[in-house]
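Chains as they are written, first to last, in this note's numbering: chain A, 63 to 386; chain B, 23 to 348.
Hints listed in this document are in silico derivations from the structure and should not be mistaken for laboratory results.
Treat the hints with care, as some may be off.
[Unchecked claim] Just so you have them, the derived chain B footprint on chain A, three or more residues with Cβ under 8 angstroms:
id : stretch
1  : 107-121
2  : 127-137
3  : 153-160
4  : 221-231
[Claimed, not checked] Label-pair distances were calculated between CB atoms; the ranges are:
id : chain 1 : residue 1 : chain 2 : residue 2 : range
5  : A       : Gly-248   : B       : Met-23    : 56 to 66 angstroms
6  : B       : Ala-240   : A       : Ala-357   : 51 to 61 angstroms
7  : B       : Arg-285   : A       : Pro-96    : 49 to 59 angstroms
8  : B       : Val-332   : A       : Asp-83    : 28 to 38 angstroms
9  : A       : Arg-386   : B       : Val-332   : 33 to 43 angstroms
10 : B       : Ala-205   : A       : Ser-113   : 29 to 39 angstroms
11 : B       : Met-197   : A       : Ala-357   : 36 to 46 angstroms
[Unchecked claim] Not everything, but these chain A residues come out facing chain B in the computed CB check (under 8 angstroms):
id : residue
12 : Leu-87
13 : Gly-169
14 : Leu-253
15 : Pro-301
We put the beta carbon where it would ideally sit given N, CA and C, even for glycine.
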Amino acid sequence: MPELKYWQAIRSALRDEMARDERVLVLGEDVAQPGGPFGATKGLLDEFGPSRVRDTPISEAAIMGAALGAAMTGLRPVAEIMFLDFMTLAADQLVNQAAKVSWMSGGRFHVPLVVRTICGNRRGTGPQHAQSLEAWLAHVPGLKVVWPSSPGDAYGLLKTAIRDDDPVVVVESLALWGSRGPVDEGADVPLGTAAVRQPGGDLTVAAWGATVPVALDAARHLADEGIGVEVVDVRSISPLDEATILASVAKTGRLVVVHDAVSPAGVGAEIAALAAGQGFDTLRAPVVRVTAPFAPVPFAKHLETAYYPQADDVVAAARRVLER
Amino acid sequence: MVDPYALYETMARIRSFETAASKLLAQTRIGGFLHLSIGQEAVAVGVCAALRRDDLISSTHRGHGHCIAKGGTVERMMAEMFGRESGYCKGRAGSLHIADPNAGILGANAIVGGGLPMGVGAALSAQVRGSDQVSAVFFGEGAVAEGVFHECLNLAGLWRLPVVFVCEHNSWAEMTPVTTHLAAPDVEEFAVPYRIASEVADGNDVLVVHDAASRAVARARAGEGPTLLVCRTYRWRGHFEGDPATYRDPDELAAWQERDPLRALREVLVAEDTSAAARLDALDAEAERAVQRAVEAAEAEPPAPVGTVVEDVYRAPLAIHGGAHA
Numbered sequence: 063m064p065e066l067k068y069w070q071a072i073r074s075a076l077r078d079e080m081a082r083d084e085r086v087l088v089l090g091e092d093v094a095q096p097g098g099p100f101g102a103t104k105g106l107l108d109e110f111g112p113s114r115v116r117d118t119p120i121s122e123a124a125i126m127g128a129a130l131g132a133a134m135t136g137l138r139p140v141a142e143i144m145f146l147d148f149m150t151l152a153a154d155q156l157v158n159q160a161a162k163v164s165w166m167s168g169g170r171f172h173v174p175l176v177v178r179t180i181c182g183n184r185r186g187t188g189p190q191h192a193q194s195l196e197a198w199l200a201h202v203p204g205l206k207v208v209w210p211s212s213p214g215d216a217y218g219l220l221k222t223a224i225r226d227d228d229p230v231v232v233v234e235s236l237a238l239w240g241s242r243g244p245v246d247e248g249a250d251v252p253l254g255t256a257a258v259r260q261p262g263g264d265l266t267v268a269a270w271g272a273t274v275p276v277a278l279d280a281a282r283h284l285a286d287e288g289i290g291v292e293v294v295d296v297r298s299i300s301p302l303d304e305a306t307i308l309a310s311v312a313k314t315g316r317l318v319v320v321h322d323a324v325s326p327a328g329v330g331a332e333i334a335a336l337a338a339g340q341g342f343d344t345l346r347a348p349v350v351r352v353t354a355p356f357a358p359v360p361f362a363k364h365l366e367t368a369y370y371p372q373a374d375d376v377v378a379a380a381r382r383v384l385e386r
Numbered sequence: 023m024v025d026p027y028a029l030y031e032t033m034a035r036i037r038s039f040e041t042a043a044s045k046l047l048a049q050t051r052i053g054g055f056l057h058l059s060i061g062q063e064a065v066a067v068g069v070c071a072a073l074r075r076d077d078l079i080s081s082t083h084r085g086h087g088h089c090i091a092k093g094g095t096v097e098r099m100m101a102e103m104f105g106r107e108s109g110y111c112k113g114r115a116g117s118l119h120i121a122d123p124n125a126g127i128l129g130a131n132a133i134v135g136g137g138l139p140m141g142v143g144a145a146l147s148a149q150v151r152g153s154d155q156v157s158a159v160f161f162g163e164g165a166v167a168e169g170v171f172h173e174c175l176n177l178a179g180l181w182r183l184p185v186v187f188v189c190e191h192n193s194w195a196e197m198t199p200v201t202t203h204l205a206a207p208d209v210e211e212f213a214v215p216y217r218i219a220s221e222v223a224d225g226n227d228v229l230v231v232h233d234a235a236s237r238a239v240a241r242a243r244a245g246e247g248p249t250l251l252v253c254r255t256y257r258w259r260g261h262f263e264g265d266p267a268t269y270r271d272p273d274e275l276a277a278w279q280e281r282d283p284l285r286a287l288r289e290v291l292v293a294e295d296t297s298a299a300a301r302l303d304a305l306d307a308e309a310e311r312a313v314q315r316a317v318e319a320a321e322a323e324p325p326a327p328v329g330t331v332v333e334d335v336y337r338a339p340l341a342i343h344g345g346a347h348a
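Isolated chain B, as found in the complex (with noise of 0.2 angstroms):
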């Protein structure tokens, strides 16, 4: 039985993190193109829950929520952002590339779609290796009309692997809204031509986000194959920090915020026991806190030295590379 405490919890950190990292570019203590997931934080925290330690994701350039549910530490993600050699990418590549083996994050991904077949590979991997091992692969409906997403489902399909494609359908590709990008809006049609099982869950409730997640991983892990799991959400801020977003109607926004995800669920564990809101401000507090934490190590940190940037380009490097060229 899931803890809703924990999800809130998470959720929190997510919505202070997102929060936090807006303020700093805005103040241009960190720089570098910023994607955020306020308002998607369900999607991201009930998905992760249903999964292992070492059960693996692939995620997307709006990637902050999935790194921190699956168990990326805000303190080396804050560090990626400002730069830091103990960021997740040695402060090299930014805050869109977080990876971390040993979370089971196969990467953030700043090419929409980028991350589908490579997080098909690790289900094909599991399956090759016979482990148990379940791959998640986040994506939003935008990617949907990425060639390589009719690749994944149809090769997943065929080899029944273990992933749960998990569609984060938000409306909005970029600043095309989706009665414009998608010919068939309602993802979940595409797992009828590939034969897989799908899903549909309210994006914004964590908890049916969390059985259905639950159900797609039970199915993969008993080698019942691939799931397309859409959840409806909305994405509270522009494509990036510094979009208006003059594109889209403020009421079509005011009406999904009065759905925020963590409202919803603390309003759910209020009506159940009276004491929850107390409990629940603690949460929202603290993850407050160990941002604010993570932000102050971090820019105390000196930057990621100069000479770094050639290091880790392979792993068995040859002795020419990287030499002198006249």
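Excised from the complex, chain A in its bound form (with noise of 0.2 angstroms):
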């Protein structure tokens, strides 16, 4: 099995996947020539040609909505929104039109469509490229929503994606860009499923994308101290995988959710709501969340620190959870 770098399983999974089926092009901002903003696509051109791998224009609307033209006519687009805060320029493409064409036609149409997307949390790039708006995507019915947090994940559900019949947000992290894990390029990584990186019998931990790694830090610590951390890695944000989490907590009887969004309406609020309800019987402590202040992401390295959840604001939470 080898072993690649995040951005390399991305690049892995878009050569892959192209070669396999015509129908898939690659449009976005700096995607062909340049080979992606960050290396993602590097090849594609070289190799599929210039009528399946775009460059386009600085133009979100319109590349969400070519790619949905396009995937509603016959051919399987991964667009590529460089930044997870530029989904906003693309919103009504993505929002009013893809993801419901589906519904609205009775069915009749359907749109295979990937959006690739990053978000640069944890990486310096300030309040317009380092939003987490995952709650946001998955507010709107009709749309898939996934977050790897592994070079394997970022391969095989770029992959699922690719091959699904509606369409599916990938959002990317930066953070994670240079991170090196084994890709099992004949694995099948279902969309609509978490993935357990650690099991343990006291405490749950559900986090995704670059808080993944944060929790497993955190239940390092935790481990030295004999509590057992059970680290769910959520990475499927619409839908859910509503029971591998509450299998989790039935099991642990406590739950601490780890995001970079701010939290108000934020999806671990979804979570906290699916194991009081759902999950009411097995809680023994109330849900904690750990996520950034109400506020903008700030640039400055030691304000980003403080601004995102770090292992020891984990550690911290676990205590209090324990507590009880």
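Got two chains here, each in a separate frame; can you build the complex from them with the hints?
Next comes the structure, spelled out in structure tokens:
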């Protein structure tokens, strides 16, 4: 099994799917000749040519809408919206159009569209390149939303997304861009499934994207004290894998949710509601969320470090939950 | 050679459909927002008559005419307006969202300018697949003030996509006149910066529209890229049914009603052939009967079952979607 960096796994998935299926095309800003803003589409233009690998103008709405129209008429486009923040510029085409086409057309049209986008969290990219807007996306019926935390999932989830017949937004973490890990090209990573990264019996920590390594770091600290933390990599933001989350909570009775987005109306709240609703009888302590404060993302390193959840914050939250 | 009687027949069907819809809403037999295209029939019919069945259109909030002209049936459109499952959107989305892959209708659209990018995408798809399909994108001049208009003309110009941008220039953006909403009201001027072809047509003369659209479609099919086709026309009704349109001068409306696209074609045909009048009268009557039959059939159908509202959200739903939440 090859060991790849996160961005190499993305490139590898794109390459393999384009080679497998000539209906797959890649379009976006800087994706063809420059090979992607951070290298994830390097080599695709040479291998697949300018018809299927296209540099676009800086026109997010046109990128999204053109990909939508292409998806409705026989292609399987992978559109790149460079940063998740820029999704706001394509919001009509994604939210009002792509997400609703299947439903509005009575199921007669479908939209096999993948939108790749990068979240620049934890990399000093500031208030307009680092927002974690996954809750916005997850709130839209018709969209599927995933956020891989490892090279293996970056490959597997993108591959599954390209083969899926619905619009899927794949959020990628710039913070994980150079992280290395095994990539099993034959493995099936279904949408809508969470993964238990580390088993434990005392406490469940749910995380996704760049907070998964933070949760694992906290789990190592607590393991030194004999506390068993089960880390659930949510990875599918919509739909949530409710069964895996509930099974973990049923085992541990305690839940901490860690995310880089702000708290109010966030995905952490949704997971807490799941635990407090269907998981009520198994909970032994209040659910605690460890999140960014309700403020835009700062650029300066010391402010950014204070802003995002760190392993110490997760450990502190775990202690509070374990006191009950 | 296009058959002018076929053009008239389709315009008559649109006129009958829109007139019936207006009455049905006034009688509260149907509900929702209704934006009628009475007065603009020649643009929809002239353009769609220049297209093949497998060409594609994207439409607007004022889209009934486009859908009928492209091959949508009045039966299924009326069923949609009544909220019936046999409607194009299974009765759930309404007439603002008529779509039909079999007729090449990507969809009407409730967002001004919202259909332009998907129409460009259909043209991109044709280019990538090596098909000679053409995409026609309808929009009003109100959409020219939206950013996507400029993004789409730029992209289509850059990639020489087989698309015809059809501007139905009726001089009103909802309730605001073009003098208030466009710095450059002659929309064809926007073809210049994006280096694409342009055509200007009298949008109330279906033969003129058809000629201009045919040239644009031929260019697109031959790989010569997009055209911006601007058709000057006028909306007889308010922005939506219920809008009394007190903001505009009644003389302006009356002047345009003198240029009724159906009457204009009738005058041409009667001047050529004295027996035309009877033939056109028969087409008018048949159009009314067809719409009336569609109304009766739709009204007789049961409402779409409530449970269907959660269907088709996904093509490939995952087990967890729509699961019970505590």
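Inset, instruction - Sort out which numbered hints this structure fails and list those numbers smallest first. - result: none
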